[in-house]
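Here the structure of chain A is known, so what remains is to put chain B in place on it, guided by the hints.
So the sequences go chain by chain: A and B. Each residue of the first sequence is one higher than the one before, counting from 1 in full-length UniProt numbering. Each residue of the second sequence is one higher than the one before, counting from 1 in full-length UniProt numbering.
Treat each hint with caution, since some may be false.
To be verified - Computed footprint of chain B on chain A; a stretch qualifies when at least three of its residues, placed anywhere within it, have a C-beta under 8 Å from a C-beta of chain B:
id, segment
1, 28-40
2, 51-65
Unchecked claim - Cross-link-like lysine to aspartate or glutamate pairs, in silico, DMTMM-like; alpha carbons within 25 Å at most:
id, chain 1, residue 1, chain 2, residue 2
3, B, K46, B, E5
4, A, K46, A, D141
5, B, K46, A, E115
6, A, K46, A, E137
7, B, K46, B, E77
8, B, K46, A, D166
9, A, K46, B, E17
10, B, K46, B, D107
11, B, K46, A, E17
12, A, K46, A, E86
13, B, K46, B, E59
14, A, K46, B, D103
15, A, K46, B, D166
16, B, K46, B, E9
I should point out that these hints are in silico values taken from the structure, not numbers from a laboratory. Even for Gly, the Cβ is constructed at its ideal location relative to N, Cα and C.
Number of protein chains: 2
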Amino acid sequence: MNTPERLIESTQELLWERGYVGTSPRAIQQRAGVGQGSMYHHFAGKPDLALAAVRRTAERMRAQAEAQLSGPGTAVERIRDYLLRERDVLRGCPIGRLTQDPDVVGDPALRQPVEETFAWLRGRLAAVLAEGRAGGELPADLDAEDTAAAVVAVLQGGYVLARAADSVEPFDRAISGVLALLTARAAPATG
Amino acid sequence: MNTPERLIESTQELLWERGYVGTSPRAIQQRAGVGQGSMYHHFAGKPDLALAAVRRTAERMRAQAEAQLSGPGTAVERIRDYLLRERDVLRGCPIGRLTQDPDVVGDPALRQPVEETFAWLRGRLAAVLAEGRAGGELPADLDAEDTAAAVVAVLQGGYVLARAADSVEPFDRAISGVLALLTARAAPATG
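Chain A extracted, bound-state conformation (with noise of 0.2 Å):
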């Protein structure tokens, strides 16, 4: 890997475990193993090294979401299977977590790929769930846009809780609720 590439993905990490707030231009030089000429050499600072490692952490996030959801199945089932993949929970969301971090939401250039992802994922989610009511499998009094902020908030809370708890117990409860909910405003399956 590159020094750039270096400086990323370390960022990238350090940004997931400690936060913007938390993460010095230090901490970040060595655990990339690169001086400090050399990361003010290809990045101008640390809010500009910060940006690039958000934008490439939310476009595999993107990426990852939008493996379950354009896959095969019922809105239910996709909306389940993105639900129920494999997470690391105890981490955290390494997009969510930035929203605690007052220099981040403070910031509307660092602010706004964080923003985009969740929008982008409500939207991707509303479109599912609207699918699914056109189809007939979902009633036509659900609204779309309504269940798929709860459906995001729920992932997103998930980890909080998991965090408070130090176990993922109360993450998969709560996957498991918002997942019951849903499938009973479901007509069953015809397949």
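Okay, now just chain B, sitting in the frame of chain A:
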């Protein structure tokens, strides 16, 4: 207000705004208008003061939740009242945000009040849902604990989405979404 009270209140505010990692003893002293010697006279250090502050915040959050959850109405009405009560959404949850602080979740003493608060809230909501099930308002196959975890997760994740968007819109949608799913499982009111 006396000096320990001023220190605790200032620490509560700073933990909410900047988290544990982002809150220095000096910032606490400055906000409280208290000198370093006086702070260390009353508290052993930042972890000790943070523990007092987190416990205080957790007590208040619990009392506020209890007010709605023990109020009048059906199970779903009480959960609706709890979810729709006025909140400073863009500030996020003062307890939930601490789960993103590696120094909080990595310290058993500091994590304890965070874990206990969410365990209490999930248990309280599960009890309300079980009451609704026992009274015939909710169906026998509704899992009270899973549903309770989903409700708490929607709230916590709603804050994450609101802060990402710098708007209460996704929070409001997520709450509406989960309430619609829950209401669809309830028998029509007979009152």
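**OP:** Could you work out which earlier hints the structure fails to respect and list their numbers in ascending sequence?
**Re:** As far as the earlier hints go, 1, 2, 4, 5, 6, 7, 12 are violated by this structure, in ascending order.
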